[in-house]
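2 protein chains.
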Amino acid sequence: MAQAAPSKYLTGDIPATKEFLNKFDTFLIDCDGVLWSGEHVFDGIPQTIEFLRSQGKRTVFVTNNSTKSREEYLKKLESKDIPSGVEDIFGSAYSAAIYISRILKLPAPKNKVYVIGEAGIEHELSSENIPFIGGTDPAYRKDMDPEAWQGIADGSLLDPDVGVVLAGLDFHINYYKIAMGYQYLKRGAVFLATNLDSTLPLNKNFFPGAGSILIPLINMTGQQPLALGKPSQAMMDAVEGKFQLDRSRTCMIGDRLDTDIKFGIQGKLGGTLAVLTGVNKKEDWEKEGAVAAPAFYVDALSDLRAAAQ
Amino acid sequence: MAQAAPSKYLTGDIPATKEFLNKFDTFLIDCDGVLWSGEHVFDGIPQTIEFLRSQGKRTVFVTNNSTKSREEYLKKLESKDIPSGVEDIFGSAYSAAIYISRILKLPAPKNKVYVIGEAGIEHELSSENIPFIGGTDPAYRKDMDPEAWQGIADGSLLDPDVGVVLAGLDFHINYYKIAMGYQYLKRGAVFLATNLDSTLPLNKNFFPGAGSILIPLINMTGQQPLALGKPSQAMMDAVEGKFQLDRSRTCMIGDRLDTDIKFGIQGKLGGTLAVLTGVNKKEDWEKEGAVAAPAFYVDALSDLRAAAQ
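Respectively, the protein sequence lines represent chains A and B.
Position 137 of the first sequence, counting from 1, maps to 137 under my numbering, and the rest follow consecutively.
Position 142 of the second sequence, counting from 1, maps to 142 under my numbering, and the rest follow consecutively.
None of these hints come from the bench; they were simulated from the model.
Incorrect hints may appear among the rest.
Remember, identical chains collapse to one label, so a pair may be satisfied in a single copy or spanning two.
[What the hints assert, rightly or not] Result set (DSS-like, lysine-lysine): computed pairs, CA atoms no more than 30 Å apart in a straight line:
| no. | residue 1 | residue 2 |
| --- | --- | --- |
| 1 | K282 | K8 |
| 2 | K186 | K287 |
| 3 | K186 | K281 |
| 4 | K110 | K80 |
| 5 | K110 | K204 |
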């Protein structure tokens, strides 16, 4: 699915960068691998976001990382001097909560959500008044014991009101949580995922991503979850609805072809911009069978500031 | 891959059962789902094994469950009054240890094995004098903390002598263990699996199997491990070498088409017998695209005792 026109390289090309900026009103910006890697913010990022906003552009941070809620993301952005409001943040946990409360709308009391994930998911579910179990509850951070083997097998440990399994990145994943999730799915719960990223870029290396944490459930059930993060168009629809975007004047910026760039192309946005500070490199989209190719690319997001000259 | 001749049903058919027994000298017998489900031994199993041995048949227990060593398996068999010697037990952990020490033969000191799994794997590695880390070491049963994020990312927590990642069923799987395993594979360690069973039948239900515990590593690296359990023919070669089998006079007995029955067919054994006390049912091999079909089947292994009449 590499596109016909070659990807245009903007770094160091001031006229092309200015032309690029003039095409768009809104930039949807991935965070991990674009703004930062873990706690390390890339050079010039705060100034770049400031510059885009000074040019009248709307900057929306669209992230698949479900471990933080929008409020927590805002705190991180602020601590790194990156200008934003909470309304400019759209995460996969929020996307999942919106989907459950406004689209899935299971009738109570069978609308409880079994969560595999961290506090970000819990906060967003709470903000939509969705009942849930699991998640960061210490009762689920346990080893298997005879009661667990028996109670999971005979169902006595299961909550009969669970109608949804929502799985995302869980730094406390264990055998017990996977075994419980499988039982709920086997009983017919709807299978949702915040996102399917296989890895999480952090500290200049890679760690297990949400897609690798929840894949045991896919392997056991043979079922694929509905993913609510990039590149799922369920997320794009939610973003468009919230921000009233003109898709033709919107550009997706990200480091991953299989999430960010695919998300922008499938969403028929006016453009996509790849940055080379994260997972994918130029050779990844130039090779045969590449999952997606960006319309534009830069070495780093801060290269866009050249247009300020 | 369903075979041309229909599977022959032996339950209640005494002449056919006698004819079946006369075809074979050795029975390779799966344990979980055939002899027992968890701690529950199926009716008549001790007497059936006793009967087969009284008929001059060799009974070899071939199991993909890597959580127990051969000695531990023997204890379990004895506690259930099932006659066996330690030499009649062949597990995937033992198969993996044999493969590492006698076939892979990495030069020391770069031959250390990073284990994801339980004590069974450790015991079998020790019996072959293979150095290992991970496994049941309490130091690996930990949450991520700043030192872990940093030390895994920068490599300071990694052992430079690890040349193999051996993954199997681990009831204490966690984020830390997966993250470590990924780093070793990324550095070029050989990727081995005791087995790839997606589920573990227990207490009349299903729990995550080895294949579902290690699949995050497959998802992150895009690499497939070499599996040393059924249906891998590496295991069949090891079994044949150890027991000096005449394959044409050997029958594989099991409950799973994708491991047991496939193992016997691909190993060109004289026959395969499916039992219906475990994972698969008759409709599973009769449907279009079935992974394998047994030559014979019974409702339960104890049905073979009818031939004693």
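Hint check:
1. K282 - K8: Answer is within: at 11 Å inside a copy they meet the 30 Å cutoff, but 58 Å across does not.
2. K186 - K287: For K186 and K287, the Cα distance is within 30 Å only across copies (21 Å; inside one copy 40 Å).
3. K186 - K281: Result: close only across copies, 18 Å inter versus 40 Å intra.
4. K110 - K80: neither (41 Å within a copy, 42 Å between copies)
5. K110 - K204: So K110 and K204 pass the 30 Å test across copies only (26 Å; inside, 43 Å).
Checked against the numbered hints given earlier, the structure breaks only hint 4 and satisfies all the rest.
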